[in-house]
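Spelled out, the chains give:
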Amino acid sequence: MSQKDSFVKFEKVDKSYDGEILVVKDLNLDVPKGEFLTMLGPSGSGKTTVLMMLAGFETPTNGEIYLDGNPISSIPPNKRGIGMVFQNYALFPHMTVKENLAFPLEVRKMEQSEIDKKVSNALAMVELQDFGNRMPLQLSGGQQQRVALARSLVFEPRLVLMDEPLGALDKNLREQMQYEIKHIHEKIGITVVYVTHDQSEALTMSNRIAVFNDGKIQQISSPDVLYEKPNSSFVAQFIGENNQLRGKVKSISGENCIITTDSGDDVHALKININNNGDGSLVSLRPERVAINSSENFENNFEAKVKELIYLGDHIRSRVEVCGNDQFIVKIPNSYKGANLKEGATVKLSWKASDSRALDLN
Amino acid sequence: MSQVQTSTGPILTTDGIPLKVSLKKAERKNKIRAFLLVLPLLSFILITFLVPIGDMLSRSIDDRQINTVFPKTFEVYKKWDRQGLPSEEVYKTMFFEVKNSEGYDIGKASTRMNYSKSGWKSLLKKSKRKFKKIEEGPYKEKMISIDKKWGDPEYWKALGQMVDPTTMGYYLNAVDLKYDSNKNIVQQKENRRIYNKTWIKTFKVSILVTFFCLILGYPISYLLATLPLKYSNLLMICVLLPFWTSLLVRTVAWMVMLQQKGVLNNLLVMSNVLADENRMQLMYNQTAVVIVMTQILLPFMVLPLFSVMKTISPTYMRAALNLGASPLHAFYKVYMPNSIPGVSAGCLLVFIIAIGYYITPELVGGKDGQMVGNWIAYHLKTTLNWGLCASLGAILLAMMTVLYWAYNKIVGIENIKLG
Amino acid sequence: MKRAIKAAFFGLISIAFVGSAIADITFVSWGGAYTASQQKAYIDTYSKGSSITVENYNGGLGEIKAQVEAGNVTWDVVDVLPDQAITGCDEGLFAKVDQSSFINDMVVPPVSECVVPQIFWAYTAFYSKSAFPGKKPKNIKDFFDVKKFPGKRGIHTWANALIEMALVADGVKAKNVYKVMSTPEGIDRAFAKLDTIKDHVVFWSAGSKPLELVSSGEVVMSLAYNGRIGAAILSEGKDFEYIWDATVLEQEYLVAIKGGNEKEALEFMAHASTAQALADQAKYIPYGPMRKSSIGIIKKGEPWFIKEGGNIDILPHMPTAPKVLKRAVIADPVWWADNGAEVSERFGAWKGN
Ligand SMILES: Nc1ncnc2c1ncn2[C@@H]1O[C@H](COP(=O)(O)OP(=O)(O)O)[C@@H](O)[C@H]1O
Ligand SMILES: [Mg+2]
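Chains as they are written, first to last, in the numbering used here: chain H, 28 to 389; chain R, 310 to 728; chain L, 858 to 1210.
Think of the hints as simulated: they come from the structure by calculation, not from any bench.
Bear in mind the structure is a predicted one, so any value in this text is a computation, not a measurement.
Please note that a few of the clues may not be correct.
[Unchecked claim] Negatives, chain L to chain R, calculated, CB over 12 Å:
1) K986
2) K992
3) E1124
4) E1165
5) G1166
[Said to hold, decoys possible] Calculated lysine-lysine pairs in the DSS-like style (CA-CA distance at most 25 Å, straight line):
6) K1036/L with K457/R
7) K676/R with K1183/L
8) K1055/L with K435/R
9) K570/R with K992/L
10) K1032/L with K442/R
11) K642/R with K136/H
12) K992/L with K676/R
13) K408/R with K434/R
14) K435/R with K1156/L
15) K953/L with K435/R
16) K437/R with K106/H
17) K498/R with K1050/L
18) K1036/L with K570/R
19) K676/R with K1157/L
20) K510/R with K1055/L
21) K953/L with K437/R
22) K953/L with K690/R
23) K1120/L with K1157/L
24) K458/R with K953/L
25) K417/R with K922/L
26) K1005/L with K417/R
27) K570/R with K1095/L
28) K435/R with K1050/L
29) K642/R with K145/H
30) K1055/L with K1005/L
31) K1050/L with K676/R
32) K144/H with K642/R
33) K434/R with K1140/L
34) K439/R with K1036/L
35) K492/R with K510/R
36) K451/R with K1036/L
37) K690/R with K922/L
38) K458/R with K922/L
39) K676/R with K1180/L
40) K1032/L with K570/R
Just so you know, even glycine gets a beta-carbon here, dropped at the ideal spot from N, CA and C.
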């Protein structure tokens, strides 16, 4: 990869706190300049640890991190020039909003006039011009969030890290802030490494998403690829809604394969990460890719029993039993066909082999 | 309907009662309930705190004792021009009031009179005994022949200080002033000027102790607050250990440590750091008072500091570092300001306790051992001069109030935090 | 059966009533070996019905006055110093006592009408024999002479006895001390003498401290309560030596607090002030009885002081022994009641300068 492409580079990074458990294992990651990269994963998967190593508050047990081509493990956190938004904002409670924003500029010994200008620009950027003289505790959660964001950007760092910055906000505010952060990122073109455990947040905001589990990156791709083409059952489960059919590999032919489910049905699917006949596998399938009572026939056609219907306005969520799985979800558009469904009815489900992915049994 | 509400008249509730009236009524119930809830505490404080303080304040100026014992004498005394000796009439009235006095009032009065002029006590006692045998005048002559003191104008002039039912005398006494025989305020005799020095010493020691407690307590508390729980608990026990032993035992332990033939000096001599004849004088002086009191009062600094520091999220420091501040700058600009509530609580607490301390200074202070508290204890127990005790106490109280007020002005009392 | 229970029940109640007809009394003293000697000499042997609770205090009239003023008297008999005996009696804190049974048997007349006699105790100087292998200090002049006998001196933090000793060291005859002290020049003279040792003193305030100071070598000689020195020599075998010169004798009395259980208190005090009781006390602590006839009892009974492995003669350790008394100053509580506060303040100023 070229210099430009790998602005941040993790090379074989391991991290252990206690000398027994590796919370980050053999991490290799390249973040190009200007990218919005999200680390997504369940709680405890090591995301914060990665961020802390990058910010300089933890040292890698092994491996090296490069920033703009230079190794940074010997640079103390205050010399790294990396902005950071902490989960609880970490606004200094004894300083006004303006003083908070001026802090990084003052430690850099800037002229007062320069500081004033930058602070007011930063306040304008997050639309808090009238709140400069308030104390942080006099602001709402969303406003504090925006101050924290402005503070992390005001000294124009090369890189900004955000550790679940929206975790404490309610849903509406969170969505609004997601948009604002994204907007600011696009406007100033800064590199962002963003941490969240909320997959929809990750999908909305990121250029690329690195899915973490157990200290390892499971898959790193753009949101659409991640959603459409998960390459492990963990990713498939973690991102978006997902139906799973458990079975064994019956035959493999090139790109395709047939999986026999535990109930004895043969399912046609794409071969993703299975290797041998007889291996266990999970077939993954997005609910919206299943047609109900379709006149068309795809590679997979099964009879199913409707167990439960949930009315959601624009669509109806229906839980059905098919191929031995009674947690199978189908999303039915609220059109004429769907409106006639009854619980207990038997329906025909069909889907393409190219929409179902035969994955590992994890 | 909306017209009614937007007009300028009072806003009404659904029942047509003005909203304000209705609100007040609803709130009154709450107020009464709140009052009833605090009533037990209120009366407790009233009885155990306010009443004694009121009693103390009144004692510090109360001077009726003698007026009730010698009412007639004071009548005629007032006419005296305070030159030479009083007239026969004053002597005569005094004579009969002493002779005819019953009960213990005269004993109490003599204790009080002795504060103004040493010697009154035995003079009255003796006179009461001897006056019985005297039947007729001239009283002046006979009284002087019983005891020369009756012929000493100083005794008579001292009475002048007690004419009024209230006196500032105790307060004057507490700051090395006094009334002279003409009721002018003058300095106390040079060799009795003791209180101002004691006040200064008391403040000096208290400030030093507070300062050292802060210097020693701050890093410890910081460590305690940032260490993982299992270590911090152990360390906390070490800090609190002094609380578990009696004050006296601790003080004596320090004496064993610090005296000239004590552990510390012995060690220094044994390791040839000090020559045997150059042993340091660490005990029985102000250094010892400061050292021992610092150790004893340290927990009062550490506890509030710790509990405040515990609430300072470590991410503040991280954020400051992340924003480019050096660790020192971050500590100074971010951590310290946030720990100020603990610092002020600790300092105020230690200072207030230190200023009234007296056991430790007495035991380890040697000739410098007397703080204001020691004089209060002395007069409380030995001379029974409770008026002076009260005035010393009232001055202490006033100083604390001023300190508190100044503190409130400068730092703001809402910034004090014990946890 | 029922009847028997009933009878027993009423029996118990009546016993309880009879029992409470004689009130119990609280006896308050200074604690330590001193109170232990009182306990053994006349509290344990008291059989007039009142059971006696012993409490300790640190002297002074403060608590007593507070109890009497509040009308809540919990102390009945208190062991007091003479100037407090005077003030307390004058102010009506103590009950008057019938003194006819002992007034003619006393070494000095009682200081007030409210007291029964106890003992003389004394401030006296002492040293450790090992501190002076050669020439030994013999009198109070030597105590005040830091050229002849270099080294630190232990003195107490209050003025009593120091003024008297300083004057004797300065050449005043023991019997003239209070005459001199009653003039302003006399006090000045005492303080001037104190000035000469000021840079060589270590102050103590707890009674056990001077013994430690001398034992550890922190000071070469010290003033102390004679009973403490005696106990250290007699019971612990310390090599201490008294300087029986200008020994200042202080009196100790019992008083009954007004408003307490006065009747029982006075009865107990009569028991506690017999010549025999005072002599018995000297079996346990070397203080001098205030009653003349007690000395006779002790003389006849020597060796009097009770010790494991053989009793010991007590008279040489008593501040009232004739040869001690000859050179002693008997403290004048009246002078101290008059002048105590003023001298204390001056002494405080002296210490602080
Ligand atoms: N300071 C620390 N000391 C010891 N273990 C830690 C520390 N911080 C995190 N861990 C452990 O490391 C693992 C990863 O934690 P973290 O990076 O915080 O995960 P995430 O941010 O994904 O929730 C967890 O098992 C956590 O318990
Ligand atoms: Mg985390």
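Now the hints, each set against the structure:
1. K986: holds (18 Å)
2. K992: Non-interface label on K992/L holds, nearest chain R Cβ at 21 Å vs cutoff 12 Å.
3. E1124: holds (24 Å)
4. E1165: Fine: 28 Å to the nearest Cβ keeps E1165/L off the interface.
5. G1166: G1166/L clear of chain R: closest Cβ-Cβ about 31 Å, beyond 12 Å.
6. K1036/L with K457/R: holds (14 Å)
7. K676/R with K1183/L: Cα-Cα ~32 Å, so violated.
8. K1055/L with K435/R: violated (37 Å)
9. K570/R with K992/L: Answer holds: K570/R to K992/L is near 24 Å, not above 25 Å.
10. K1032/L with K442/R: violated (30 Å)
11. K642/R with K136/H: holds (15 Å)
12. K992/L with K676/R: Roughly 30 Å separates the two Cα atoms, so the pair is violated.
13. K408/R with K434/R: holds (11 Å)
14. K435/R with K1156/L: violated (38 Å)
15. K953/L with K435/R: Holds. K953/L to K435/R sits at ~18 Å (cutoff 25 Å).
16. K437/R with K106/H: violated (91 Å)
17. K498/R with K1050/L: Since the Cα atoms of K498/R and K1050/L sit roughly 20 Å apart, the hinted pair holds (cutoff 25 Å).
18. K1036/L with K570/R: Status violated; Cα separation ~41 Å.
19. K676/R with K1157/L: violated (46 Å)
20. K510/R with K1055/L: With a Cα-Cα distance of about 20 Å, the restraint between K510/R and K1055/L holds, given a limit of 25 Å.
21. K953/L with K437/R: Satisfied, since the Cα-Cα distance of roughly 17 Å is no more than 25 Å.
22. K953/L with K690/R: holds (22 Å)
23. K1120/L with K1157/L: Measuring from Cα to Cα gives roughly 34 Å; hence the hint is violated.
24. K458/R with K953/L: violated (28 Å)
25. K417/R with K922/L: holds (11 Å)
26. K1005/L with K417/R: violated (48 Å)
27. K570/R with K1095/L: holds (18 Å)
28. K435/R with K1050/L: violated (32 Å)
29. K642/R with K145/H: holds (21 Å)
30. K1055/L with K1005/L: holds (16 Å)
31. K1050/L with K676/R: Holds: K1050/L and K676/R sit about 17 Å apart, inside 25 Å.
32. K144/H with K642/R: Answer holds: K144/H to K642/R is near 22 Å, not above 25 Å.
33. K434/R with K1140/L: violated (38 Å)
34. K439/R with K1036/L: holds (21 Å)
35. K492/R with K510/R: violated (29 Å)
36. K451/R with K1036/L: holds (23 Å)
37. K690/R with K922/L: holds (9 Å)
38. K458/R with K922/L: The hint is violated at about 29 Å.
39. K676/R with K1180/L: violated (34 Å)
40. K1032/L with K570/R: violated (39 Å)
The structure does not agree with the numbered hints 7, 8, 10, 12, 14, 16, 18, 19, 23, 24, 26, 28, 33, 35, 38, 39, 40 stated previously, though it agrees with the rest.
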